[in-house]
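**Student:** For this one, chain A is given, so just place chain B on it according to the hints.
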Amino acid sequence: MSPRNALRTTTFRLALAYLAIFVASSATLLGFIYWATSGAIDRESEQIIEAELTGLREQYRQWGIVGLVRVIEERSKGDRADEMRYIVVGPRFERVTGNLSVWPPELRDRRGLVEFPLSVRVGDRSEKRQTMAMAFDLPNGFRLLVGRDTKERSEFRERVIGAIAWSLALTLAFGLMGGYWVSRHLMRRVDAINRTSGEIRAGDLQQRVPVTGKGDEFDQLALNLNAMLDQIERLMGGMRQVTNNIAHDMRTPLNRLRARLEVTLIEKPDEARYREAIQETIDEADRLIATFNAMLSIAEAESGSKAESLARTELAPLVDHVAELYEPLAEEKGLTLTVAHAGVAVARADRHLMSQAVANLLDNAIKYAPAPGAITVRTADTPLGAEITVTDTGPGIPPESREAVLARFVRLEQSRSTPGNGLGLSLVQAVAKMHGAELTLADNAPGLAVTLRFPPIRDARPPAK
Amino acid sequence: MKILVIEDDREAAAYLVKGLEESGYVVDHAATGTDGMFLASSQPYDALVVDRMLPGMDGLTIVETLRRQGRTMPVLILSAMGEVDDRVMGLKAGGDDYLAKPYAFAELLARLEAVLRRGQSGQPTTRLIVGDLEMDLLSRTVKRRGQVIDLLPREFRLLECLMRHAGQVVTRTMLLEKVWDYHFDPQTNVIDVHVSRLRQKIDRGFDKPLLNTVRGAGYCLREPA
Chain A
1 MSPRNALRTT
11 TFRLALAYLA
21 IFVASSATLL
31 GFIYWATSGA
41 IDRESEQIIE
51 AELTGLREQY
61 RQWGIVGLVR
71 VIEERSKGDR
81 ADEMRYIVVG
91 PRFERVTGNL
101 SVWPPELRDR
111 RGLVEFPLSV
121 RVGDRSEKRQ
131 TMAMAFDLPN
141 GFRLLVGRDT
151 KERSEFRERV
161 IGAIAWSLAL
171 TLAFGLMGGY
181 WVSRHLMRRV
191 DAINRTSGEI
201 RAGDLQQRVP
211 VTGKGDEFDQ
221 LALNLNAMLD
231 QIERLMGGMR
241 QVTNNIAHDM
251 RTPLNRLRAR
261 LEVTLIEKPD
271 EARYREAIQE
281 TIDEADRLIA
291 TFNAMLSIAE
301 AESGSKAESL
311 ARTELAPLVD
321 HVAELYEPLA
331 EEKGLTLTVA
341 HAGVAVARAD
351 RHLMSQAVAN
361 LLDNAIKYAP
371 APGAITVRTA
381 DTPLGAEITV
391 TDTGPGIPPE
401 SREAVLARFV
411 RLEQSRSTPG
421 NGLGLSLVQA
431 VAKMHGAELT
441 LADNAPGLAV
451 TLRFPPIRDA
461 RPPAK
Chain B
1 MKILVIEDDR
11 EAAAYLVKGL
21 EESGYVVDHA
31 ATGTDGMFLA
41 SSQPYDALVV
51 DRMLPGMDGL
61 TIVETLRRQG
71 RTMPVLILSA
81 MGEVDDRVMG
91 LKAGGDDYLA
101 KPYAFAELLA
111 RLEAVLRRGQ
121 SGQPTTRLIV
131 GDLEMDLLSR
141 TVKRRGQVID
151 LLPREFRLLE
161 CLMRHAGQVV
171 TRTMLLEKVW
181 DYHFDPQTNV
191 IDVHVSRLRQ
201 KIDRGFDKPL
211 LNTVRGAGYC
221 LREPA
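For the record, the sequence lines run as chains A and B. The opening residue of the first sequence carries number 1 in our numbering; numbering runs sequentially from there. The opening residue of the second sequence carries number 1 in our numbering; numbering runs sequentially from there.
For reference, chain A alone in the conformation it holds in the complex:
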């Protein structure tokens, strides 16, 4: 992916927007800090000057000009002499004492706190120093000035402004870099998905979206997409297989049908023979229609279009109803059909499709179990979910074939001589899938035990009418 693309991504735009907000809020915060600290320094200078003035005024009142001069001379030599400025002048601004050589001309007429640049001697050079000062008129025409060097304050101010500028610049730089990096990183993952889907659309169904193993949202997305692709591939494979099976299973009866009609035409039959041939043809057509119907039912159950028709259903009455339909058939064949219920098994089910699935299981059991034998249908409410189990005492299905019989048109009996189309268990399987139920084939020793286990129902609402 080119860097230009990364700049155009949604992620990068989001990062920019976030950065703008972040910079604005940090600028506000830093500005406030600057305002609060520099203000505090100003106030501190004022207080120092005022306190100094008050002290000196006090000295003057008590000791007169001589006392004041003495104190100022002391102060001018003290440890703060470098920072503080003092001068006492007479009525004509002639210097009396202090560490300034002249009364600053700026303060001739002004009173109160004044800030101005002042020339001071530093070593043997004269230097302009920003000074904050206040003058005070003493009795007898004397004037007193107390000032404070504000160099430290300006330096601090400059440092703070510098720090603020730098931190904003760094925030901006890091933000832009971070945004760019995040966009590139995310874009790489999205790009991988786009590339894979492109390849799949181009016909390579085997491609899968790479999974990094970090378990993040992109991995989740990739896993979901891959699961979807697996399902699509499986369905397409299934479809191919079904087409082949249809070609085989439908072609055979259609061929038989055609041959029968042809032979009937050739053999110059009487009317009775014609009628018989036509009747046989109709029976064959009926079987074909039944096969088609079964395939449609499977397709419908597999497409899951009925998902909204799933309703809270008690399994016992449903099973009883189907068993009632099949009971005479079992009895006729010399099989005993027993129904047993353990607890109240409830599942979210489509009554019609589920009845058909149970009917198919019973149909199979009756078809394959030799007489005398026993068929049982059980419903049970287990901690793992509601169950329907159909067992018979027939030949069963060897473990290695159990997967195969669930596929469409698969019949273990190679000759395909017993009636049936090999769709019975496929339908049960499709119905089970649609219900989110688990279909297991097991050994009933002897015979087959087929179990449908439904996922537990979470809501405990009473059944809807």
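Just so you know, these hints were derived from the structure itself, not from any lab. Source: prediction; values computed, not measured. Honestly, I wouldn't trust all of these hints.
[Unchecked claim] In silico DSS-like pairs for lysine-lysine, Cα to Cα no more than 27 Å straight-line: (1) B/178 / A/367; (2) A/367 / B/201; (3) A/268 / A/333.
**Tutor:** Showing chain B alone in chain A's frame:
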């Protein structure tokens, strides 16, 4: 009896018209939805056989429109879509019965007879009589020639269905739908077994059988000639 067939497939229509005429009905045919709608609303028919997907006007729309006009003639809907939901839609639109394609003509005839019969008696029946067989729906008892016949509940429902359509062919699919309320093809002859058990109970020991098998179609309960 005059029947209107609204079906766009020429071959299917020809076959339907011929079959119905041979069964003794007077048949009109419309090949489009609009023609069918025009005929159905301008002439008196005893029943309608309507294909669901038609050029011009959809079959369900025709039925709905006719019902809104207050026309009550029985309607049998034909459709390639035979799932339970499609049936429900067809019946809600005002159809009396619904038959999925491909269908056996015997099935169509049996269902048509059934819906035609529906229009005739409005009274709720409490007693059904076919020959010397009597069914009392209130006390739920069945007697033949005064002799009480013990039936299981499902056998009773089966017999009731056959007696309500006495003299008509009732197909296996119809029995499965009406007696068990299932709309699927059982793979085996499960209905035949039920009918043969019922036959044993009502016909055994009597010289004239009432319950007859109609080859290739279904069953018919009728008074022996």
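**Student:** Evaluate each hint against the coordinates.
**Tutor:** Now for the hints, and whether the structure bears them out:
The straight-line distance between the Cα atoms of residue 178 of chain B and residue 367 of chain A is roughly 25 Å, inside the 27 Å bound, and the hint therefore holds. This hinted pair checks out: residue 367 of chain A and residue 201 of chain B have alpha carbons roughly 26 Å apart, not beyond 27 Å. For the suggested pair residue 268 of chain A and residue 333 of chain A, the alpha carbons sit about 40 Å apart, so the restraint of at most 27 Å is broken.
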